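The lines below spell out each chain.
Protein chains: 2
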Amino acid sequence: MSSATPARGTRSGPDHVIHDRIILAATEHFRLYGFEKTTVSDLANAIGYSKAYIYKFFDSKQAIGEVICVNCLEKITEAVDRSVRAGKSSSDQIRRMFRALVDANATLFSDDRKLYDIAAVAARDRWPAVDAFEEHLRRTLAQILKEGRESGEFERKTPLDETVAATFLVMLPYANPLLSQHSLDHAKDAALQLASLILRSLTP
Amino acid sequence: MSSATPARGTRSGPDHVIHDRIILAATEHFRLYGFEKTTVSDLANAIGYSKAYIYKFFDSKQAIGEVICVNCLEKITEAVDRSVRAGKSSSDQIRRMFRALVDANATLFSDDRKLYDIAAVAARDRWPAVDAFEEHLRRTLAQILKEGRESGEFERKTPLDETVAATFLVMLPYANPLLSQHSLDHAKDAALQLASLILRSLTP
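Sequence lines, in order, name chains A and B.
Using the working numbering, the letters of the first sequence map in sequence onto residues -11 to 192.
Using the working numbering, the letters of the second sequence map in sequence onto residues -11 to 192.
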């Protein structure tokens, strides 16, 4: 497969290089023209490959969007993980997690509105990337809550699963791009108030 | 004004009767064909009035939608109020309020999908009806929290305003039709889990 040759255009190289080149070009194209209105033909024209050649690497436009979406959502989870690691206590980690989610969503929305829209489509249509993203957040949250219980910072009467599920539900509207676009104007205040409410609910 | 005569069609009557007749016919029309795709001309044809005559009563399609939306949202607030009044304690009222919101949104969504869509447009474009709806819910919630503090059922350390604001933020994604359409599949479980989380946060 690494000997695949572009049917059109002058660029070639190993598969993973072509793959990355398509993703890079598609990201730029979607960033300018949006995801929903672009066809694979538009993309092929813009990149200078044939449509057939792009289909050698990706089954569909969604498959390209999925990779871009994974990249976007990874930026958010990296920002969240970095912020949580810097937390001085489990309570501080809860506050930081909420704040980092809100900040990362706001940044993506303001800096890369068209890419944000891909993430919103992904959330609406439940692409696997979104499930993986939410699962990562849920695991991060579960770890914080577990450690907070072990250190005596949080109450232990409520089953851990229930606490994780309910706390995650409070965060979700600010984590999921489909929902968060409707709360961007009050998201920073909301993150503060909701983190405090969560911490009150976790009092031993 | 009560002597206004339809420019077309045979029906007439006092202004408030014509007004209600337009709303009733528009509700039926929107229920079948949706709000966003219908024009005032379509509506005029369906009702048998001239467009100009409809404009004597309503400034715009949105003005008609507003009245229908107020009717829809009033059904929700009535259901919530009825359920809250039947509560046996402040905690019970919190649970009931959450549950009634979720049930009423789900009913509107399944029974009257097209009317639900008007409410979603109203929420997206922040029609006054939605502000009034949310304000009513906020006041209902404030009353429950205040009484719960007075009876010693809820903690009093946190400023009441903050508790009301944060608790309302937890409910909002299940109250606002724009947001709630994305959480209908898990809304009943969410209402239970979130009400319990809220009650843990209110423990004295």
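Just so you know, these hints were derived from the structure itself, not from any lab.
What you are looking at is a predicted structure, and each value in this text was computed from that prediction instead of being measured.
It cannot be assumed that every hint is accurate.
Stated by the list, open to error - Some chain A residues well away from chain B (every beta-carbon gap over 10 Å; in silico):
{"hint": "1", "residue": "D8"}
{"hint": "2", "residue": "R19"}
{"hint": "3", "residue": "L20"}
{"hint": "4", "residue": "S29"}
{"hint": "5", "residue": "K49"}
{"hint": "6", "residue": "D99"}
{"hint": "7", "residue": "Y104"}
{"hint": "8", "residue": "D105"}
{"hint": "9", "residue": "E143"}
{"hint": "10", "residue": "L190"}
Said to hold, decoys possible - Taking lysine-lysine pairs in the DSS-like style, the calculated list, with each CA pair at most 27 Å apart, reads:
{"hint": "11", "chain 1": "B", "residue 1": "K63", "chain 2": "B", "residue 2": "K145"}
{"hint": "12", "chain 1": "B", "residue 1": "K76", "chain 2": "B", "residue 2": "K63"}
{"hint": "13", "chain 1": "A", "residue 1": "K176", "chain 2": "B", "residue 2": "K102"}
{"hint": "14", "chain 1": "B", "residue 1": "K25", "chain 2": "B", "residue 2": "K63"}
{"hint": "15", "chain 1": "B", "residue 1": "K25", "chain 2": "A", "residue 2": "K145"}
{"hint": "16", "chain 1": "A", "residue 1": "K25", "chain 2": "A", "residue 2": "K76"}
{"hint": "17", "chain 1": "A", "residue 1": "K102", "chain 2": "A", "residue 2": "K49"}
{"hint": "18", "chain 1": "A", "residue 1": "K25", "chain 2": "A", "residue 2": "K44"}
{"hint": "19", "chain 1": "A", "residue 1": "K145", "chain 2": "A", "residue 2": "K134"}
{"hint": "20", "chain 1": "A", "residue 1": "K44", "chain 2": "A", "residue 2": "K134"}
{"hint": "21", "chain 1": "B", "residue 1": "K102", "chain 2": "B", "residue 2": "K76"}
{"hint": "22", "chain 1": "A", "residue 1": "K176", "chain 2": "B", "residue 2": "K134"}
{"hint": "23", "chain 1": "B", "residue 1": "K76", "chain 2": "A", "residue 2": "K25"}
{"hint": "24", "chain 1": "B", "residue 1": "K176", "chain 2": "B", "residue 2": "K76"}
{"hint": "25", "chain 1": "A", "residue 1": "K145", "chain 2": "A", "residue 2": "K63"}
{"hint": "26", "chain 1": "A", "residue 1": "K76", "chain 2": "A", "residue 2": "K145"}
{"hint": "27", "chain 1": "A", "residue 1": "K102", "chain 2": "B", "residue 2": "K76"}
{"hint": "28", "chain 1": "B", "residue 1": "K176", "chain 2": "B", "residue 2": "K134"}
{"hint": "29", "chain 1": "B", "residue 1": "K134", "chain 2": "A", "residue 2": "K25"}
{"hint": "30", "chain 1": "B", "residue 1": "K102", "chain 2": "B", "residue 2": "K25"}
{"hint": "31", "chain 1": "A", "residue 1": "K39", "chain 2": "A", "residue 2": "K49"}
{"hint": "32", "chain 1": "B", "residue 1": "K49", "chain 2": "B", "residue 2": "K63"}
{"hint": "33", "chain 1": "A", "residue 1": "K25", "chain 2": "A", "residue 2": "K134"}
{"hint": "34", "chain 1": "B", "residue 1": "K76", "chain 2": "B", "residue 2": "K145"}
{"hint": "35", "chain 1": "B", "residue 1": "K76", "chain 2": "B", "residue 2": "K25"}
{"hint": "36", "chain 1": "A", "residue 1": "K25", "chain 2": "A", "residue 2": "K39"}
{"hint": "37", "chain 1": "A", "residue 1": "K145", "chain 2": "B", "residue 2": "K76"}
{"hint": "38", "chain 1": "A", "residue 1": "K76", "chain 2": "B", "residue 2": "K145"}
{"hint": "39", "chain 1": "A", "residue 1": "K134", "chain 2": "B", "residue 2": "K63"}
{"hint": "40", "chain 1": "A", "residue 1": "K145", "chain 2": "B", "residue 2": "K63"}
Quick reminder that beta carbons are idealized off the backbone N, C-alpha and C, glycines included.
| query | Hey, A/K39 versus A/K49, does the alpha-carbon distance stay inside 27 Å? | reply | holds (11 Å)
| request: For the pair supplied as a hint, B/K102 and B/K25, confirm whether the alpha-carbon distance does not exceed 27 Å. | output: holds (11 Å)
| query | Given the hint that B/K102 pairs with B/K76, does the C-alpha gap stay at or below 27 Å? | reply | Judged against 27 Å, a Cα distance of about 36 Å means the pair is violated.
| task | Run the C-beta distances from A/D105 to all of chain B and say if the shortest one exceeds 10 Å. | result | holds (15 Å)
| message | Does B/K145 sit within 27 Å of A/K76, going by the straight-line distance between their CA atoms? | response | At roughly 24 Å apart (the allowed maximum being 27 Å), B/K145 and A/K76 satisfy the hint.
| request: Run the C-beta distances from A/L190 to all of chain B and say if the shortest one exceeds 10 Å. | output: violated (8 Å)
| task | Sort out whether B/K102 lies within 27 Å of A/K176, counting only the CA atoms. | result | Roughly 33 Å separates the two Cα atoms, so the pair is violated.
| query | Within a Cα-Cα threshold of 27 Å, do A/K145 and B/K63 meet the stated pairing? | reply | Answer violated: A/K145 to B/K63 is near 38 Å, above 27 Å.
| query | So is A/L20 really clear of chain B, every C-beta pair being over 10 Å apart? | reply | holds (25 Å)
| Are the Cα positions of A/K25 and A/K44 separated by 27 Å at most? | holds (22 Å)
| Status of A/S29, Cβ more than 10 Å from any chain B Cβ | holds (29 Å)
| Is B/K176 close enough to B/K76, meaning Cα to Cα at most 27 Å? | holds (21 Å)
When each numbered hint is compared with the structure, violations occur for hints 9, 10, 11, 13, 15, 16, 20, 21, 23, 25, 27, 29, 33, 35, 39, 40.
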